Amino acid sequence: MRLSIRWRLTLWNTLALAVVLAGFAALVYGLLARALGEQTDRRLLSGLHELQHDQRLETDPEGQMRHWAYELHEHEGIFCVVYGPDGEVHLRTEELPEASVPPAPQPADGAPHLRDVDVPGAGRQRTLEGRIRLGERDVTLLLTAPLEEVDRELGRLLAVLVLAVPLALVCSGGLGYLLARAALSPVERLRRSTCEVTADRLDRRLPVANPDDELGRLTQTINEMIGRLERSFAEVRRFTADASHELRTPLAAIRAEAEVALGGALVTPEQERLLGSVLEECSRLARLTDQLLALSREDAGVARQVREPVDLSALVGAVAETMRPLAEARGLTLHVKGPGGVAVSGDGARLRQVFYNLLDNAIKYTPPGGTIEVQVEPGPRAAVVAVRDSGIGIPEADLPHVFERFYRVDKARSRAEGGTGLGLSIARSIVVAHSGSINLTSAPGRGTTCTVALPAG
Amino acid sequence: MSRVLVVEDERKLLRALERGLRAEGYEVVAATNGDEGAALALAQPFDAVVLDWMLPGRDGLQVLADLRGAGRTVPVLLLTARDAVEDRVTGLDAGADDYLVKPFAFAELLARLRVLMRGRGERETVLRAGELEVDLLERRVLRGGEEVALTQREFEVLVYLLRHKDRAVTRDMLGREVWKEPAYTLTNVIDVYINALRRKLERPGRPPLIRTLRGVGYSLRDEPCD
Chain H
196 MRLSIRWRLT
206 LWNTLALAVV
216 LAGFAALVYG
226 LLARALGEQT
236 DRRLLSGLHE
246 LQHDQRLETD
256 PEGQMRHWAY
266 ELHEHEGIFC
276 VVYGPDGEVH
286 LRTEELPEAS
296 VPPAPQPADG
306 APHLRDVDVP
316 GAGRQRTLEG
326 RIRLGERDVT
336 LLLTAPLEEV
346 DRELGRLLAV
356 LVLAVPLALV
366 CSGGLGYLLA
376 RAALSPVERL
386 RRSTCEVTAD
396 RLDRRLPVAN
406 PDDELGRLTQ
416 TINEMIGRLE
426 RSFAEVRRFT
436 ADASHELRTP
446 LAAIRAEAEV
456 ALGGALVTPE
466 QERLLGSVLE
476 ECSRLARLTD
486 QLLALSREDA
496 GVARQVREPV
506 DLSALVGAVA
516 ETMRPLAEAR
526 GLTLHVKGPG
536 GVAVSGDGAR
546 LRQVFYNLLD
556 NAIKYTPPGG
566 TIEVQVEPGP
576 RAAVVAVRDS
586 GIGIPEADLP
596 HVFERFYRVD
606 KARSRAEGGT
616 GLGLSIARSI
626 VVAHSGSINL
636 TSAPGRGTTC
646 TVALPAG
Chain Y
461 MSRVLVVEDE
471 RKLLRALERG
481 LRAEGYEVVA
491 ATNGDEGAAL
501 ALAQPFDAVV
511 LDWMLPGRDG
521 LQVLADLRGA
531 GRTVPVLLLT
541 ARDAVEDRVT
551 GLDAGADDYL
561 VKPFAFAELL
571 ARLRVLMRGR
581 GERETVLRAG
591 ELEVDLLERR
601 VLRGGEEVAL
611 TQREFEVLVY
621 LLRHKDRAVT
631 RDMLGREVWK
641 EPAYTLTNVI
651 DVYINALRRK
661 LERPGRPPLI
671 RTLRGVGYSL
681 RDEPCD
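Sequence order for the protein chains is H and Y.
Sequential numbering from 196 applies to the first sequence in this note's numbering.
Sequential numbering from 461 applies to the second sequence in this note's numbering.
Rather than coming from a laboratory, the hints here were simulated on the basis of the structure.
Computed from a prediction, not measured in an experiment: that's the story for all the values here.
The C-beta atom is built at its ideal place from N, Cα and C for all residues, glycine as well.
Hints are supplied without guarantee of correctness; some may be wrong.
One side of the interface only, derived from the structure: several residues of chain Y facing chain H at Cβ under 10 angstroms [as the list claims (entries may be wrong)]:
(1) E470
(2) R475
(3) V545
(4) R613
(5) V649
Restraint-style ranges between C-beta atoms, simulated for each label pair [claimed, not checked]:
(6) D605/H - R674/Y: 21 to 31 angstroms
(7) G604/Y - Q500/H: 46 to 56 angstroms
(8) D506/H - R636/Y: 17 to 27 angstroms
Produce the entire structure from the sequences given, and follow the hints as far as they go.
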């Protein structure tokens, strides 16, 4: 499924903001983590520094060390551990639980060394090892600061970020949607007014609010297109008017001359036959002219758009009743089925033409003894009329072409029946002009079904 | 003798109309353009005017406007090659009494002219042709005194043929006047009705009542009683 531009804009916007916010959150988190880490390190380093420079540790090692342990714990939250030469704990801050004492550091070069240590049961610790002079000896001193507090701070920040970022995204998404809708509403207005410009109202132009913005330019382009359409429609109208005049005028002359001659006093039977034949062809040409012009008007969409409520059941019923004598004269049974009062909106006269043409075909191509069934079915969106015959059917290869102009399945037969080869084309043009659809299915030798669907009125 | 003015720029058509109308007993005055037609129509009395729409000079509608503007109520039959509904409305709005689309059948032109010139006179209620008698009020058909049962449509077709007895009636005329459907739609259906009427009304051994005029249509003969 394709989303509307409105939704796509909102989604992309939100996605972009999500990336930016995530980056920002990571940066803040990282900076705070680093700042807190550095602060801890500074505390540890300054503690070590003071211890290394305390002269009294030489004179009163035990007492002064205890004093420091107390002081560092009380004021800085730092624990001290003094290891003996063999790595055993020589002295430690009393508040430091036994289990939380980090293992003795490896003997090192004596330079202060910062590390993260994970003490089982006591959590993460930041440790600084260094050497101090205690009494007569140099001992290894480990200052350790639990990172519990730091972790808690960072956790709190993370919680805030995790809550705030999605909230910000939702807010910005909503606002973005509203913005996109507001920005696109002129497009929707443009669409609606373009829709109102139909074949009947091509003289209209869309209003251009600002000729220099994007929508203004689009509107101008659409207006130019409507202009071109209007001109080409006018051309079709003029062409059909001219063509009808040019074709009909000579036909009228032939017809009148032949008819008047036929009515003359001294006409031999041979002349009568001849003139009659001329008149027959004249009628055929006249009919063809009529149908071709009607088709070109219908296809160009310049036919008058009549939209009135039409009782399709009654219309189809009346057409069938008119055609019934013809069907019966050919030994066919004609049934009309379906409920009454099925309504569509359209041009009754043109719709009647559709069903006359379909029934005419059904009667032509059904051998005596066959049946023709006309069924009207209402539907929620479209009313459907099916014309079913038990006739000779249409070979599958011909089916896709039967709606084409002058297409004849059986040329000899069709001409003998007096068809022009335009009946189905006209039916389709009229149905399409009514926003409907027309379909043919056929089983050769068993019959043909033509289905017309028209939007419910 | 009725006088008819024919204004038509197509010479062949004009000549055929002139000849045909004269053969029907009309006095025909011909004009080949709008100015001439308007001048004639205003200067002389006519019982009817057959007027082409598309004319050099003043077109048919302008001639019509001149006539109506001068207070002439002479019936005007407009000939045109335009068949769109809008055109028909335009023509009738301009004051034409009737409208015929080319290529029309000459038989239909005659029928329309007769209707236009008869005006709104009284209509008979019983139509007769030979031993056929149709009572329009009681909707009864008698052939030689015997009642013949016809369906509604058969009756209407018969009445139309009787009103134009001894004249040619085209299938288009029947389709338009009886079924009110446009030309060509019902050609085959009309033939079925004509056959039914023949079956019911004609007697073996007698000349046919309804003749087929090839290329034209049908004609109901007013055969003399014997």
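Now for the hints, and whether the structure bears them out:
no.	hint	in the structure
1	E470	holds (6 angstroms)
2	R475	holds (8 angstroms)
3	V545	holds (6 angstroms)
4	R613	holds (8 angstroms)
5	V649	holds (5 angstroms)
6	D605/H - R674/Y: 21 to 31 angstroms	holds (26 angstroms)
7	G604/Y - Q500/H: 46 to 56 angstroms	holds (54 angstroms)
8	D506/H - R636/Y: 17 to 27 angstroms	holds (23 angstroms)
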